[in-house]
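J.: Following the hints, complete the assembly by docking chains B and W onto the known chain D.
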Amino acid sequence: MTTIQPNDGDYKNLRSQDRPAEPSADLFVPQPLDATAREELAAPAPTFWKEAMERLFKNKGAVVSLVLLIILGAMALIGPSMNEFTYREQHIPHSNLPPKVAGLEWLGFDGKDVNGVDQYAQRGVETNYWFGTDEFGRDLWTRVWKGTQISLFIALVAAFLDLVIGVIYGGISAYYGGRIDNVMQRIIEILTGIPNLIVIILFILILEPGIRSIILAMIITGWVGMARVVRGQMLQLKGQEFVLASRTLGASDSRLMRKHLLPNVMGPIIVTVMFTIPTAIFFEAFLSFIGLGLQAPLASLGVLIEDGYDAIRSFPYKLLIPAVVISLVMICFNLLADGLRDALDPKMRK
Amino acid sequence: MDNHILEVSNLHVSFKTRNGEVPAVRGVNFSLKKGETLAIVGESGSGKSVTAKSIMQLLPKQNTIIPEGEIRYEGKDLLKFSKKEIQSIRGSDISMVFQDPMTSLNPTMKIGKQIMEGLSRHMNLTKKQARERAKEMLELVGIPNAEARLDAYPHQFSGGMRQRVVIAIALACNPKVLIADEPTTALDVTIQAQILRLMRGLQEKMDTAIILITHDLGVVANMADRVAVMYAGEVVEQGTLDEIFYRPQHPYTLGLLRSMPNLDAPRTEPLIPIPGSPPDPATLGTGCPFAARCPYTMKVCHDHNPDYTAVSGTQAVRCWLQDERTPDEHVPEVIRKGRQTSEIAADQAAIDAAGGVPV
Amino acid sequence: MKRYLIQRFAYAVITLFIIVTATFLLMQLLPGTPYSNAEKLTESQRAILDAKYGLDKPVAIQYLTYIGNLIQGDLGYSFQYQGRTVMSMIGDRIGPSALIGLQGLVFGTIIGLVLGIISALRHNTAVDYVSVTIAVLGMSIPSFVFAALLQYYIGVKLGWLPVALWENYQSTILPSLALSVTVIATVARFIRSEMLEVLGQDYVTTARAKGLNESGVIWKHVIRNALIPVVTMLGPLAVSIMTGTLVIEKIFGVPGLGEQFTLSILVLDYSVIMGITLLYSALFIFVVFVVDVLYGLLDPRIDLKGGSKA
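Residue numbers (UniProt numbering), protein chains in the order written: chain D, 1 to 350; chain B, 1 to 359; chain W, 1 to 310.
Bear in mind the hints are in silico, worked out from the structure with no lab data behind them. We put the beta carbon where it would ideally sit given N, CA and C, even for glycine. Every clue listed holds true.
So the derived label-pair ranges between C-beta atoms look like this: (1) W:R3 <-> B:K128: 35 to 41 Å; (2) B:P261 <-> D:S254: 44 to 50 Å; (3) D:S246 <-> B:Q156: 38 to 44 Å; (4) W:R122 <-> B:K337: 56 to 62 Å; (5) W:R301 <-> B:E70: 39 to 45 Å.
The following block holds chain D by itself, in its conformation from the complex (with noise of 0.2 Å):
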């Protein structure tokens, strides 16, 4: 090398000031990195689902929240069962008694009344009502149960029917697309502009009241939003390679939806349905309470809420019981619904 120095970038403070040891001469040989170490270089990335599912278990709220929906659902399965009560038997001596459950007195659960008297001492009552009971006499830990299995049942029903019907018709209006698309997305349009509750109640109100009707004026406007979700999704995955190699090589319209199309939507949907639920079991426990619910003696949360607020001063744990209840079922699935959003498609958080 030359003895020049330096006279244009300036090299004096080039050098590093945390310079490693010397190296030996000796490592002065030529040695590849091996075949190995290349490979792992370029391990291949998990998969879609996987890694969702990863995501979707860092996140504590999420994960709590399925827990407890699952415990719930266990409690709503076999709940009603778990004593000799059943939901609709009455026994007007044991009535408005407040709950007590031996070693949870601390809690609450004492069998006092608002009044601080223990209502079972009084009445000479042996068996604990573990939530109490009704003005009937009738057992709330069975009713309560009951009520969640009720209005569970309702809500996953009309979430699966919102469904169905929003896949196929988001899914016909975004395949065909042109005219059929646009005139399908008119409706849609005009649908939007009506509020649904007002829907909702118009429709109880010339159906018989029960199960069936709650469920059927919930979906005459719940699938809008799915079909919206479906459409968007779908028109976004058409216009890919992927989809025009399979046509290409002959697919047919159904297989390309079900092989294709219906996979790579699902996230989303999952993500939407998950949000339908807690609005469903919202809207059954609204119409209870307004009185266009189900009818005595079934019970739902939302009646059980409407019966406790009517003797909220004398018996506040007729409300508060079921009022818990259904504040954890919603809590859980939103956030459960957050959690799986962030999961599946982070681009989907607004």
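T.: Leaving out everything else, chains B and W in the frame of chain D:
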């Protein structure tokens, strides 16, 4: 030394992530003279944008750590500046042009207002003066009907026009340094040339020094005086444009050049891609970061990261191939040849500088 | 702009027309007769009444009369209260509903915005977690459950505010508060995610690179852009307020439309139910129309000529 307006030395930048701190820039050194253009080239993820943003301190504070290094602007270390001091430097002394003109303008604010914001912040102008200056800037960057366009919104402009607006915003306060982060990547090829020409013209008019960040060697050839090649958060080689293009000394630089199509080359000469992909910065060891992809890897490369070797007065490279202990037969011919020409050129330069006549 | 307005207006009118028609058809389908004492009426008495209310005419004529009356603001007579027009009942009761509805909307929006904006600016800090938790609770707990608990704890147990009387301004506080819970939660969640999105945008970095101070960047660039889409929430918020009034007025004894609606449902006073339904639908359609227009004015990217996003 005096003519160095910006000097970056031993800059380290790390990001806090869920899996611990990840180094993105690992000891970067370069300097910039008044009015010159320094190109920083490298693949995505090589740390070139992070380096640029750390000069302006535009990296998110919550998860960025700059454990060591200095960024001296006119002799003062920007990293020691207060928030206020940095804000007064941004946009007035050093400004920046971003990659995507479709997203780098506020969609709900009129173009004129977006230019005037910086002006009224730094130049103490009245509203009227600022508007006048904004209009001049639009004319300067070649937007016709400037007066009327001041009241237009970004979406009413094409991509190329928007990038002109971004450049107008950046140059409005006569900055001494302009950092252009991939300014043409998002544009059509024909527009690219226009924007580059515009930047070069404005540089001459305003005597601005430019740091041009790009992965496009064509852009580099068009614009740069000097080039720094970045790989895995390090500058692995730097030198003048000619040195880097005709006498590359780092196998990575060589690989970059070989993977670039060249119209002059015979059609039979294949493009040679660099095998593999850049290393994950979270798992870098103590060795040379390019060792895994380098065709000339030696035992030493795996555990020891080489320091700079000055090849000429203007060219320096971090590679063990430059070490005297490396057997000559292992150094590929291109590199050996380049080194020799480099020496001759340097000799020549020294003789010229001494005013002597070659014997 | 004109074309956009006309198009939006046409949608509003068509939607309203469909609702009116559907309501009319549903009236025809409803079980029972419109007379409170139908079983006591003789054939001839009924015929006289039918003639009086125009029920003896063909359905098509009835429909036209119905539409004609509607245009003149005539919603018919209450079945329950003899001789009272639905319109006059609505007039009597709209005041309290509007008061608590607007109070809840304004209060909820302000609190929600503050909560959501702070939350986004302090992303992933304790403040953020607290406000996200509040938002999730507000979204999840049904408003009537919340209202009942408010009434029990603040009204009955603590005795701070009137429980269910409508006499002075204090009486409006609890119902407004109960209505605002869903609004707070919805607005806070929405603005938070909008803010986070805008904070990540390149133009915010551009603004910082210009040398603006942080508060200038946040106010002029981030909050401004994040606020614009909040306008679109007005529709859903109006629905949530209207839904809320139905139950919350019942709980707090507010003499408003919602309370009347729930009362009418119990006694099947169809004409009142239909009247309030139509009113709420019209209000909602009006809000949606206003939102469309407002959004077009606020966001320069909306191409007002075609009505689509550029």
